[in-house]
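Student: Okay, here's what each chain looks like letter by letter:
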Amino acid sequence: MAQASPLRQVRLRRVAYSGDPLAEPPPPDLLVALEPFRGRDDALVTVLQRIQGLYGYLPNRSVRYAARELGVPLARIFGVATFYNQFRFTPPGKIRLQVCCGTACHVRGAPAILQRLKETLGIAADQTTPDGLFTLQTVFCVGGCSLAPVVLSNGEAHGRMTPAGAEWLVRDLRAREEGRS
Amino acid sequence: MGTSTCGLAAGSEETLRALQAEVSALGLQADLKRTGCLGACHREPLVEISVDGTSVLYGPVGPAQTRELLAGHFALPGAPQPPQEWVLSRSADRRDYPFFAPQVKVTTVNCGVIDPLSLEDYLDSGGYAALRRALAMPPEAVIAAVQRSRLRGRGGAGYPTGMKWEICRNQPDPLKYLICNADEGDPGAFMDRTVIEGDPHRVLEGMIIAAWAIGARWGYVYVRAEYPLAVKHLEAAISQAREAGYLGSNILGSGLDFDIIVKEGAGAFVCGEETALMHSIEGRRGTPRMRPPYPAESGLWGHPTNINNVETYASVPAILTRGPEWFADLGTASSGGTKTFALTGAVRLTGLVEVPIGMSLREVIFGIGGGIRENRAFKAVQIGGPSGGCLPATLLDTPVDYEPLRATGAIMGSGGMVVVDDSTCMVDLARYFLSFTQSESCGKCVPCRIGTRKMLGILTRLARGEGHPDDLNRLERIAEIVRTASLCGLGTTAPNPVLTTLKYFRDEYMAHIHERRCPAGACAELR
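Protein chains in written order, with the numbering used here: chain X, 1 to 181; chain B, 182 to 708.
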């Protein structure tokens, strides 16, 4: 391990050069989340899931902190993070709308629902509305095939959906959100 | 009350709340129990009322119907009987409902019956008796019993389970791992989800028996992150099992030390492939590697690893309690037991069905599924998801078994069975599956990375009516390369939907190319 330390210093200097404020200590909640994994590289997926659980996405800076705290090259972390569909690098909207595009949903009209949602929200899949309220995503099968087509809002499943029903759902969710604020 | 993911999507939470309110409003002496999924998803939300051993199954029951249902069922003064069309079944085995009658439930026998979060319920149904029996036998005898049962891998490939265990047991390395593959990624399949949500202890029991047989120290369950309820039930079951001494050190005094860790997947279809799955557990990119060495020789962190699917492990307890011969006799000469299918699409009665291996597709789709919705015409059944194939009406008498299905160009697969009627275009369906495999291809090997993209390009062109007469030959040529040269199962099976639709529905491709017409009227650009 003695040889590993100069390498690590080189990496840190580079990070400092890029203007990254890693000189500050990581936020305490992140440190708590990383604690069980310090010095381990066998649980990277779990680590990233914890970070995303904290912030709803993977903020660039927290990934850099994780690299430093775990002693794992940044390239390897990003290699893993970009491989899996679950990880996001931009903050999600308040309400996550997921259109199931599994086989059963596809043959029962999911493409038309997705199209209608794109038009209603004015965004493409994997984008967030400018007001930060909705993020539109597609997912391959949530296992609700017998109620196809299915749309999820923040994990809550709405079965037997139609394009009109999806539009109504958006309106309902927006009204509820506005009523709350 | 069924409260699996499917029940929840149908509104069972609201019904349950209404039931709770009504039970106390009517002053009834009743326990409300949450169960998993009975499989009759087409009638969700389902409510079963049991009094002194006789039970009636009702569905669909919305919150508005709960008062009428309870008042009627318990014959409160002035209340009429609940309408007959609400009743699915009046018998305890539910065989009076045609959807259930031909089914044989082995792995899903408790789903929708017991409370999945209650260890007592599982024990009352005979749970962990198989484990006690196994621990009283030498490990070799357990393996021999599994071999006699003719249980084969339910993940789709169908490798004999007992043989796999034996290879792993015979490795000299003292540290062995066990993995339960619950990365059910096939769009259109939810068997594993149902079993884990509805009866998690059964899966654990199967894994512990396997650990005894093989000599494994640690087990992992790799679950899709898209299944939050399954993860929750699994983790609850594991901590209950630990507390009761079914997991941990010196399990039930046998000297077996074994514990189970849940790993959540992160949304990569290719991680259902065993070597990719192990890479993912190790915290790496989920790309597959060359086999051999097989995981049984060199798996997780280089140690021998036995990897089976949820349903395979869930079949094991019944083999030990009811005997390997009983299990073998359920199936065919080459494959014992039952297989669960997620029957969905254009069929009238959708849901989760468990049938003896060897039953014909016709019996499953028309006997259990009740035929095609809205009296439309049956066109094809898609089996095995993106790795499987589409079979036409002429092949409906094919038995659901590994070899006969493979002979048609489809595969048994993990159990997705999507029925399509004449409103679905086969070119579009092939394009759909290719777009899935193309986006899920990990990109490690060239045939899969480039080949799926090229095939998708051709299919997209065909669906737009811009096809070229030579396109079909080109498709077949690329499909052959992808099938033979890809590194893992994702690539080698990716062409199956294309090849089977080309084989059985070639005229539809021809219509798209030569007449610029979509016979099903599904391709938007050709309307």
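Just so you know, the hints here were simulated from the structure itself, not pulled from any lab data. For every residue, glycine included, the Cβ atom is placed at its ideal position computed from N, Cα and C. Watch out, some of these pointers could steer you wrong.
Have a look at the derived ranges for each label pair, beta carbon to beta carbon [stated by the list, open to error]:
hint : chain 1 : residue 1 : chain 2 : residue 2 : range
1    : B       : Val285    : X       : Ala164    : 17 to 27 Å
2    : X       : Val32     : B       : Ala558    : 55 to 65 Å
3    : X       : Val32     : B       : Pro409    : 42 to 52 Å
Below, in silico cross-link-like pairs of lysine-lysine (DSBU-like), each with a Cα-Cα straight-line distance of 30 Å or less [what the hints assert, rightly or not]:
hint : chain 1 : residue 1 : chain 2 : residue 2
4    : X       : Lys94     : B       : Lys625
5    : B       : Lys635    : B       : Lys625
6    : B       : Lys684    : B       : Lys635
7    : X       : Lys118    : X       : Lys94
8    : X       : Lys118    : B       : Lys635
9    : B       : Lys214    : B       : Lys413
Student: Enumerate the violated hints, using their earlier numbering and listing them in ascending order.
Tutor: Structure breaks hints 1, 3 and 4.
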